[in-house]
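Here the protein sequences line up with chains D and V, keeping their order. According to the numbering used here, the first sequence is numbered sequentially starting from 108. According to the numbering used here, the second sequence is numbered sequentially starting from 4.
Hints may contain errors.
[Claimed, not checked] Dumping the calculated DSSO-like pairs for lysine-lysine here, alpha-carbon to alpha-carbon at most 30 Å:
no., chain 1, residue 1, chain 2, residue 2
1, V, K192, V, K52
2, V, K192, D, K245
3, D, K243, V, K179
[Claimed, not checked] Here are some chain V residues the structure puts well away from chain D; computed CB gaps all over 12 Å:
no., residue
4, F18
5, C55
6, P114
7, R158
8, D170
9, T233
Calculated directly from the structure, the hints in this document are not laboratory data. We put the CB at the ideal spot given by N, CA and C, even for glycine.
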Amino acid sequence: MADPAVAEVRAGRRGPALTAGRRVLDGFLRRREASVLLVALGLMIYFRWASPVFLTRNNLVNIAQATAPVAIVAVGIVLLLVSGEIDLSVGIVAALAPFLLHFAIDFYGQPVLVGLLLALLISAGIGLVNGLIVTKLKVPSFVTTLGTFFAVQGILLITSHAYPVPIPEPAKGTWQTWLGAGPWASITWAIVIVAIFHVILTRTRWGLHTISVGGNPVGATEAGIRASRIKIGNFMVTSTLGGLVGIMEAFRINTIDPNIGGGTTLTFYAISAAVIGGTALAGGSGTIVGAFLGALVLAELQNGFNLIGYSANTIYLILGLAILVSMIANQYLSRLRRAGGT
Amino acid sequence: MTGDALRVVGVAKRFGALTALRDVNLHVAKGEVLGLIGDNGAGKSTLMKIICGFHRPDAGQIVVDGTEVVLRSVDHARSLGIDTVYQDLALVNELSVYHNMFLNRELVRWPLLNNRAMRRRAEEHLRDMGVNLPDVTVEVAKLSGGQRQAIAVARSVYSDARILLLDEPLAAMGAKEGTLILDLIRDLKERGEVSIIIIAHNYAQVLDVCDRVNLLQHGEITFDKRATDTSLEELTELVVAEYRTSRNRRRHA
């Protein structure tokens, strides 16, 4: 290669070498989870300072139990957002699943395990329907899952007569303790699920293809990736996790409530956790660990402000501001990452 | 160059009322570089997408290494050694260079990706092809247009492509980066293992690297000459004349 300019391009030298400080900063900024981790730790320190009760065991259980359902649903939401989709129906699937368990056990005499599997299978089926409508009929996921939300809500209210029921007798005891009622049960499930899906998103073909179909849908298809299969799979994972969370919450509060969270609170909190954790709504990038930390931040805010006597209404204002600040920070950090050089 | 690596016979394609390709006949010999030129909307990209298995033709035959094939999918075409570098490069900005190099052909130590092996092989292959990047773990979003194009070409070559389709490989690229890609194509040509079809609007560059030039007009190949037997002026005049004819036809319609 005679042309020195071309040789320079070939050699990849496109600017001055990075200073050590810049490299450290660049390395730090590369970790999307770093900023939300700092926020979570900062809130912990602040609330501990504002209220000595904050870090007591009992209150940590409260925080853990508030973090877990949001974090688990946020896992699915991150997968969908990364693949360029969204699911607004996951919260109502969470409300439906424990009723399916109740119907299977109390009306059809099925064992708990069969009831659980049926409930999760039907939840996955709702995700399958969402995925098929989005990918085969080309209806935007926002509209599809909005439709599914109301349809499932209708089914739920008709079949449950809009009344809560106690959890099935055979499910009490070990099942109930392991699946939500134990003080650390739900957070343990959350950590395991987050760890598994973090590995799936970052270390497997499924994860790589999820990023690809969200980052460059046309390019991914041209590369031979079956985008529909990836998206349908992620819708099914999200709905299944929603169903699992619904059952865990029912076991935790010892009641199956058709109005749990109104069906939207859980969804909106999970989307908020994902966004606060550093997942871009544009698709192609996101972090499951970040979403877990986002869920932790939301739980800390809610719990901490309750402890120091803020009204519950104020929390929504703070939550809204937290989402806006996170999105603005994400935009800014993305630009910094892009400008970070190679 | 002996025998045709690829032969396209009487291929036609319609999209609803629009006839994209009428009756395309084209061939490329083993190790040959064919330039495919034509005005915007002439059907070049459609033809590429048929050859790479993305679209199915409504009529006609595709013959690879003397055997007629029905290309069922992009994967099927790849399995026959046909690979494409699209205009949009099919690179994922959010992924690293080495993940892009192995996109949909990832090395796996089940159930996990074998990142170490992919990183090492990507480094080796890019070095072999003369594309030296400081770090294959960097996101492709951070690379220049030329480097991105080079990665897309290197990816196809690495996948053992024997017929490589390059859709506008020099589009929106500066002279310096264009030279990088032209050098890459020349290197491949010298090796003589890969047959290449290049779609390009820059006729000087087409003549520079191609052995033969085809012009696609109204969904048919209307011009087929060796690069040494034609000139920049002739190619430009052919396309401009076609533009004038179309304009006059529209005016009188």
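Hint check:
1. V:K192 x V:K52: Between K192 of chain V and K52 of chain V the Cα gap is close to 23 Å, so the pair holds against 30 Å.
2. V:K192 x D:K245: Violated, because 43 Å separates the two Cα atoms, which is more than 30 Å.
3. D:K243 x V:K179: 43 Å, violated
4. F18: 17 Å, holds
5. C55: C55 of chain V not clear of chain D: closest Cβ-Cβ about 8 Å, inside 12 Å.
6. P114: For P114 of chain V, whose nearest Cβ neighbour in chain D is about 6 Å away, the distance does not exceed 12 Å, so it is violated.
7. R158: Given a closest Cβ separation of 9 Å, the condition is violated.
8. D170: About 10 Å separates D170 of chain V from the closest Cβ of chain D, which leaves it inside 12 Å; violated.
9. T233: At roughly 27 Å from the nearest Cβ of chain D, T233 of chain V sits farther out than 12 Å, so the non-interface label holds.
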